[in-house]
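Undergrad: As a plain string of letters, each chain reads:
Number of protein chains: 2
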Amino acid sequence: MQISRRLLGAGVLGAGLVGLSAQAATPATKTPPPAPLFKATLDKARKSVAPYLKQRPDVPVPKDAGGGYTHERHKDNYRVIREAGMLYAFTGERRYADLVRDVLFAYADLYPGLKPHPIEAAPQKGKLFWQSLNDAVWLVEAIQGYAEVRSVLTPADRQRIEANVFRPMCAFSMVDSAKTFERIHNHATWAVAGVGMTGYVINEPAYVKAALYGLKGDGKTGFLRQIDELFSPDGYYTEGPYYQRYALQPFEVFAGSIERYDPAKKIFDYRDGMLVKAVYALIDLSYEGKFFPLNDAIVDKGIDSPELIQALAIVYARNKDPQLLSVSTAQGTVAFTREGALVAADIAAGKSKPFNYKSQLFRDGAKGDEGGVAVIRSGKGNRAQALVFKATAQGMGHGHFDRLSYIFYDAKREAVADYGAARYLNVEAKKGGRYLAENETWAKQSIAHNTLVVDETSQFNADVDAAQPVPTTFLTFATKDGVQFASARLDKAYGEVTIWRAVMVVERPELGRPVVIDLVRARGQSAHRYDLPLHYKGVFLDASTKFKASTTGLAPLGTKNGYQHLWKKAEAAVPEGGQRLSWFNRDRFYSLNYDAPGVSKAFLTELGANDPDDNLRPERAVILRADNARDFNSVSVLEAYGDYDPAQESVRDILPSVTGVRLHQDGANDLIILTLKTGQTLAIGVTWDGEDQNSVTLDGKTRTWRGAFGVTG
Amino acid sequence: MQISRRLLGAGVLGAGLVGLSAQAATPATKTPPPAPLFKATLDKARKSVAPYLKQRPDVPVPKDAGGGYTHERHKDNYRVIREAGMLYAFTGERRYADLVRDVLFAYADLYPGLKPHPIEAAPQKGKLFWQSLNDAVWLVEAIQGYAEVRSVLTPADRQRIEANVFRPMCAFSMVDSAKTFERIHNHATWAVAGVGMTGYVINEPAYVKAALYGLKGDGKTGFLRQIDELFSPDGYYTEGPYYQRYALQPFEVFAGSIERYDPAKKIFDYRDGMLVKAVYALIDLSYEGKFFPLNDAIVDKGIDSPELIQALAIVYARNKDPQLLSVSTAQGTVAFTREGALVAADIAAGKSKPFNYKSQLFRDGAKGDEGGVAVIRSGKGNRAQALVFKATAQGMGHGHFDRLSYIFYDAKREAVADYGAARYLNVEAKKGGRYLAENETWAKQSIAHNTLVVDETSQFNADVDAAQPVPTTFLTFATKDGVQFASARLDKAYGEVTIWRAVMVVERPELGRPVVIDLVRARGQSAHRYDLPLHYKGVFLDASTKFKASTTGLAPLGTKNGYQHLWKKAEAAVPEGGQRLSWFNRDRFYSLNYDAPGVSKAFLTELGANDPDDNLRPERAVILRADNARDFNSVSVLEAYGDYDPAQESVRDILPSVTGVRLHQDGANDLIILTLKTGQTLAIGVTWDGEDQNSVTLDGKTRTWRGAFGVTG
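Chains as they are written, first to last, in my numbering: chain A, 1 to 713; chain B, 1 to 713.
Heads up, some of the hints might be wrong.
For chains that are exact copies, the list does not tell them apart, and a pair is met inside one copy or across any two.
[Stated by the list, open to error] Here are the computed lysine to aspartate or glutamate pairs in the EDC-like style, where the Cα-Cα straight-line distance is at most 20 Å:
1) K380 - E496
2) K568 - E619
3) K115 - E428
4) K44 - D643
5) K367 - E496
6) K44 - D653
7) K431 - D653
8) K290 - E649
9) K290 - D491
10) K537 - D300
11) K492 - D228
12) K537 - E619
13) K701 - D455
14) K537 - E288
15) K568 - E456
16) K546 - E571
17) K431 - D542
18) K560 - E507
19) K351 - D699
20) K412 - D300
21) K701 - E93
22) K353 - E288
23) K548 - D613
24) K431 - D587
It should be emphasised that the hints constitute simulated quantities derived from the structure, not laboratory data.
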């Protein structure tokens, strides 16, 4: 009876119990069986915990870095503590409670005598792990398991565990790692979540207060301030989706804990429902289940990450949005929590609806005034596309120097790609799984992204301290005339050079399929070298300019700022006028028409030079270069087309709709004229000076449009 | 009533009707609805044919190569003819019969005036297509559609179609393309199938006779002779799975036609059931649904190819093997034939059983004495592995110079890979979709495969005429002591040098997981350079030898025979004694321990040098080199291990079982000693001289085994 009282007593999440706990507590009552997804989760937990029931806890003295034995063992242990605690809650089997207790006893023996971790690499050392961040995660996870069994332990057992494990760990977080604790940063969110949740569970209000309002209790640091500052008004986390995923877990789990112990705080309503909004933003910042790899990001990471699985369930338990259920189905599993059981039950009940991925702007900065990420969706089904325009602030230490860059997805994968982070997470042989040297020398550099590079350097000279205070100016995010349009301006990244970029996705009947238009304009005051890279995925096909390949020897394209990593595979002289090149990838063809007055050369490159440890993937790019130029101007039209079926050995739809493009400039106005295969033309005007009524006269014909952009014939 | 009589009159395949045809013929009778997979196929056919019901047939004058407009249009047309014919059979809707008639009328107007195709590239020109092969395919497909509607056409309509299309096409095949028709080759199978099926349908016994017994009627050519000679006794087609798939369709479809019109011939029993056996062989020559890319093969090609979908249904309708149903499920669709309807119905009825992929030897050569492909399966579920040892004959013009090579699959993908063909099928910009120059200069060359290369040349100097008469000698294919073993010998490929190779998959308790052992021995009479390449998939991790990378410039490893395409990325000096290197790929780690006395250097390479059109994929290899050596000896132990989960950010099982290997030779005996992480050793003896009782004494200990190989402590 105790169990069911305790579980039901949690109150707010009672709907999530779905028979299981009741079943354990009152076996005589007939209850529905757990839904298939939750049963799978429960069974998996049973299976993963089973070996630990038969062995003494393995709680080794910390020694290894990520991927090493002691690191993985302590990770396993916090998982076992949490899962065993939940298993006890859902099954009532005492052996699971005993397991939680016994593992924590082993920590009680080990922890008080521990010195800081012996690995020297981390800026903030932990005790169990090489960085204190992992220690904080340990606490967040373990306290969840302990919370489920505490009431059935003897006072002496509780005392032994709390005095030797949880209290000293909180002290380590608040005292030894105070600097981290007080930051406004995802590491600090883990820290405050661990301490705050522990405070609730062991009834130590001082911990809760410190967690919520900072060590000084003035609210200038702590959880609430983190919610205020770490998300933009649109729920965007400034480090980007990869770290948003990571940061979300302590935000959501701690919030769930606050709601449980102090529902009057209405934490999920705080700041206009930010902790709900942030989960939706993360889902929206993905394509085919993978997060946009902005900034330092492991490219495999996606919506099936455990953090989002757990966070989604927490939000679903509150808002019952059936769209979340389809995301959960795509995740393939549900959280091993009360909320996870509810998600599984509602999926099984057929309540799921497709998630409506739509075009959106995610502003960056606590006030939303530091730029943003525009996501432009187009197409449908197998041909759903996404264009991601990154015009954010720097995103702190994990930020890349990639402002005004874009990524383009088509046919379920990246077509124009971002490298993500140079890191093999948890692969010991690759620098212990940490960020590689090439993360700095390549992945963060501007040339590694689809953005304009000035003088073979990176934005802000790749200096995060210089970059962090400078926002990007987002100009327009709007749709009309079948054109989805996003534009931004970047100042100060390259001294006196100002760069504007507009990206558009045009879906109009005369085209027959969506096309991407990319308009770049830079204005300087002296001669520069401008490089516009396009990191394409696939196999190069052909070009209007003849590329001369370096067939018998390769040399790097440059010497620094990322250029040293690019093998120059081929070079072409680019004449004036519209040009075309194409590539293909599996079942799709890509055509790029461009008109870039001033561009005189193009390069084909492959990544891999100056890479002694074979750390870089052999990715390909085409780079357009204008030399000795004060300004830079280009328009390009990217069209994905074709349907190549290797099984059927057929290819269809092999002609692009756009056959050429021309750029005409008149002061602050750009006129883009597409030539179509039908013989028609399509003209789009863009203005950069904010005028409402705009016109350009070309070849005796005056074209007008209103506002930032418009189709004008 | 006419429809149902005709369909049921087919007799042998009556079980395949599954309600649909009866439904069309006798709507009053209550019949079960079509099974979901067949309904999908039927609906897809309806949809794909629908536009053609509303437009005039588009039958253009032939002009383009593969991928071009007229090429794809004529392919579409034969598909429309067949599908519309089948739609008529299954629905009884007259408009489909009319469509078949009208498209064929258009061909009747075009065909008689056609000259040979204008494209000059093909060795055997077609009329509708650039090679006569495609014309033969057109005939095989179109006659199937015509067969379904012929009885409802007027005699005048039949006369118009047969006199202007089918008869002249047969004449083109038998007269203008007589040389092809009389070959023992897959092109000829398409040719005889088209002519023979037409003979049955339009009642022209001379065509049937020519198809079955050759133009002279003496059986030295024609279909039966092709069955005799083009498959080995194990159902292996000498060109390899990619062309086996392609060849199978006319074999199976023509056989279905023979069975229908002349069941007394018992064609499916011919040569010990060869046309059944060949379908199973093709399924068995795959991993995770993709065919082993032996010889000229498009690497994407797999069991979901339409040819195998249709062939599988034909065989299933005869033998009702429930294992075939699970293959059909993996194919994702069923054939639009009577047999396809049966497959769908039986899947829906729950009759499916998993296909039992097992280790097998597929002998090559009509008599089975020209070598073979050994397939060794190991592991289970997500960890199912396959080792493919290719010790076949040459495989004619599409054969690669790759004897004694192997491919290794693990974790649902290639771990040690074969390049397949250098060809972008149907991609017009890549040489019209034909084989690229790099198919000869790279893909066929020995260095492109995981086999020993002598003196930087290829086997038989890459001369197919020299290679074709020389078989490979398969020695042993057996399992004992937890060792699956395959070995073969290659003579004359490199003048006086003879090469032996044995590959083993060892699954024993002391290892904990399967490991691959690869033993290579070559004996020459003068000094040679020996290179042993290993084309690995993934990211290089580390090695016991220090690789010095070419970081600021790349040069090709050699000048010809494929070496000119390899960039030399790194080089290491290899000391005597056991060595180790490792790489990883997504969620798996790979450790290679080797002991190769005489090997003094190792290279890391990347494909792409001397590739002006960017035709080659940037694949990686490690190459072990022995210089100035009469003989070559090596043993290597490949172990796939680990479980890297990017979503969970965890890595498990990170220690390989094998920590070292040593090779000891004593005359014709090789003793392989593995050192295990447990401290144990595992010794395996291999003998090459055919003795039954074998022993080797090492370090004072005598080890004995019986037969070709054995575990000896």
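Undergrad: Of the numbered hints stated previously, which ones are contradicted by the structure, given in increasing order?
TA: Numbers 1, 3, 5, 9, 11, 13, 18, 19, 21 - these are the hints that the structure violates, sorted from lowest upward.
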